[in-house]
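Starting from the given sequences, assemble the full structure and let the hints guide the process.
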Amino acid sequence: MSIKKRTVVMLAVSTVSVAAFALQLRTPTGQFDPVDYNPDLAEFRGTVKAEWIRNSDPRDAKKFKLLDTIEYTASNGTTWTANSGSEIDGASIPRIFWTLVGAPTTGLYRDASVIHDVYCDSRERSWEETHWVFRDACREAGLGPWKANLMYLAVFHYGPIWDLEGNLQRAVQPVSPETAKKMRDFCRDNPDLTAEQLRQIDPRIWEI
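Counting in our numbering, the sequence shown runs from 1 upward without gaps.
No lab work stands behind these hints, which were simulated from the structure alone. No false leads were mixed into what you were given.
Below, simulated BS3-like cross-link-like pairs (lysine-lysine); rule was C-alpha separation at most 25 Å, straight line:
{"no.": "1", "residue 1": "62", "residue 2": "49"}
{"no.": "2", "residue 1": "63", "residue 2": "49"}
{"no.": "3", "residue 1": "65", "residue 2": "49"}
FRET-style restraints, in silico, Cβ to Cβ:
{"no.": "4", "residue 1": "167", "residue 2": "87", "range": "14 to 24 Å"}
{"no.": "5", "residue 1": "204", "residue 2": "68", "range": "39 to 49 Å"}
{"no.": "6", "residue 1": "204", "residue 2": "83", "range": "34 to 44 Å"}
{"no.": "7", "residue 1": "43", "residue 2": "197", "range": "20 to 30 Å"}
Model, not experiment: these values are computed from the prediction. Every residue, glycine too, gets a C-beta built ideally from N, C-alpha and C.
In structure tokens, the structure reads:
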């Protein structure tokens with residue numbers, strides 16, 4: 001890693017006291033320790049097959065329903081299941097990042113977004129692990145390191161958060177185009193950061 005990049009990373013992962021409640025929610029609770037992607041362990045099973053949901057509710061205009069169950073075994077050995085009948089729409093991912101990496105329904109990370117959507121809806125596992133598995137599944141689905149890291153930062157810092165009982169504490173947050181581009185550039189310059197390093201980054205380095 002170059003000195004310039006190393007300086008940026010050291011600045012980004014430095015400990016900063018946070019007073020705002022929204023930023024406190026971004027702090028890991030300690031309930032989950034991430035591991036990095038391991039292609040020898042990670043695996044999708046099944047093929048995503050879905051149909052449009054058509055009804056009178058305009059909020060469902062872009063929703064799909066899974067026709068078959070798919071499973072994902074993550075790099076830490078856990079199994080994640082998106083059952084047939086689950087409804088998905090990519091809404092668990094801040095939309096501005098669709099323009100940088102591709103839409104969930106068409107991008108390389110489609111299968112990963114299905115798993116992420118389902119578990120953000122059910123909230124049966126911690127928000128830290130759910131957002132981590134999105135990064136892991138993005139890599140297994142074929143997304144390169146810096147793009148997978150960008151998507152992880154997007155959902156970790158601006159995606160939904162819930163408490164240990166599964167009660168939603170914060171919905172997906174809006175992200176400005178300027179902030180998203182700064183995040184993209186940072187990830188391009190630092191593609192080798194680990195999951196643990198990524199989640200320690202203070203998002204204010206992009207928001208100022």
